[in-house]
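Trainee: Sequence:
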Amino acid sequence: MSSESAPSPRPATKSVIPVAGMGTRFLPATKAVPKELLPVVDRPALQYIVEEAARAGVGEVLMVTGRNKGSIEDYFDRTPELETALEAKGDQSRLDAVHESTDVAQVFFVRQGEAKGLGHAVLQAAPFVGDEPFAVLLGDDIIDARDHLLEQMLAVQAEHGGAVIALLDVGADNISKYGAVAVEDAHVSGDAAGDQVFRVTGMVEKPPADEAPSTLAIIGRYVLPPEVFPAIRDTPPGRGGEIQLTDALLKLVENGMPVHGVVFSGRRYDTGDKLDYLKAVVQLAVERDDLGPSFGPWLRNFVADLPAEGASPA
Numbered sequence: 001m002s003s004e005s006a007p008s009p010r011p012a013t014k015s016v017i018p019v020a021g022m023g024t025r026f027l028p029a030t031k032a033v034p035k036e037l038l039p040v041v042d043r044p045a046l047q048y049i050v051e052e053a054a055r056a057g058v059g060e061v062l063m064v065t066g067r068n069k070g071s072i073e074d075y076f077d078r079t080p081e082l083e084t085a086l087e088a089k090g091d092q093s094r095l096d097a098v099h100e101s102t103d104v105a106q107v108f109f110v111r112q113g114e115a116k117g118l119g120h121a122v123l124q125a126a127p128f129v130g131d132e133p134f135a136v137l138l139g140d141d142i143i144d145a146r147d148h149l150l151e152q153m154l155a156v157q158a159e160h161g162g163a164v165i166a167l168l169d170v171g172a173d174n175i176s177k178y179g180a181v182a183v184e185d186a187h188v189s190g191d192a193a194g195d196q197v198f199r200v201t202g203m204v205e206k207p208p209a210d211e212a213p214s215t216l217a218i219i220g221r222y223v224l225p226p227e228v229f230p231a232i233r234d235t236p237p238g239r240g241g242e243i244q245l246t247d248a249l250l251k252l253v254e255n256g257m258p259v260h261g262v263v264f265s266g267r268r269y270d271t272g273d274k275l276d277y278l279k280a281v282v283q284l285a286v287e288r289d290d291l292g293p294s295f296g297p298w299l300r301n302f303v304a305d306l307p308a309e310g311a312s313p314a
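Each residue of the sequence shown is one higher than the last, beginning at 1 in UniProt numbering.
In short, the hints are calculated from the structure, not lab data. Among the clues, some could well be false.
DSS-like mimics (lysine-lysine), calculated; alpha carbons at most 30 Å apart, straight line [said to hold, decoys possible]: (1) Lys31 x Lys206; (2) Lys31 x Lys251; (3) Lys206 x Lys14; (4) Lys274 x Lys116; (5) Lys89 x Lys177; (6) Lys31 x Lys116; (7) Lys206 x Lys89.
Here the structure is a predicted model, which is why all the values come from computation and not from measurement.
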């Protein structure tokens, strides 16, 4: 593997979305419905992710699926019977909404086969990606459409080469839930027009708070060079017996390849557990033009009528 990665001669056009997880935190619903299809207001979280990829110019999307995820393929496929019924009713707004899910991007699918970790899932994309840089988007993080995190990451990768990862300062209390990074003191770029960019010098998956190199956590956006594939193949199973993408990225760092982190300061909606999922639904619903004017006042009244903490309900 080369120790340096020159800036990419061509822009990334492809993205990879791993969706093979079992969704155990949302049982029993995920016995029958993939977690990625649970509705966030009226669209599944996965559609927000695909729309983000398309906006950023990486609209050739490969989804890495697993067993019992066939309904994800169905969701992004055409539904002639439903479309015909909506056309017959003259229900153009719902027909347009149905078309959005199939027309937003070119979506392809491959099965992971075994649940052997995020690194292993990304490795399944090697034939699809070829020798180009590509984006990886994880479905638990919805980035607000008004914030252009992925676009900035793609620009950083085109300028510096190597890999680019999204970072968020989560504080010492939460860093053990994430992959944590060490960065150089001086930032590479970033000002009022964009998020700060640092050179990453090390990383570790889910460290205890007192062992974390910083409070900067890796969140679910990556722009990776094709050299990540041999790095993953050379990565043994790590924490949890899984092949960790973080461990493969650390190999790139150790081999001298530039790895940069963009510290995100925008709006992020976490759908990774039940409480954060509920918060995401409320936040996005309040900001909707069609729902917010009614939902917002109702929500304020509902909260105002809640009993004080520790008090018994009426």
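Trainee: Please go over all the hints and tell whether each is borne out by the structure.
Mentor: Hints, one by one, checked against the model:
| no. | hint | in the structure |
| --- | --- | --- |
| 1 | Lys31 x Lys206 | holds (27 Å) |
| 2 | Lys31 x Lys251 | violated (37 Å) |
| 3 | Lys206 x Lys14 | holds (28 Å) |
| 4 | Lys274 x Lys116 | holds (24 Å) |
| 5 | Lys89 x Lys177 | violated (49 Å) |
| 6 | Lys31 x Lys116 | holds (20 Å) |
| 7 | Lys206 x Lys89 | violated (52 Å) |
Of the hints listed earlier, those the structure fails to meet are numbers 2, 5 and 7, in rising order.
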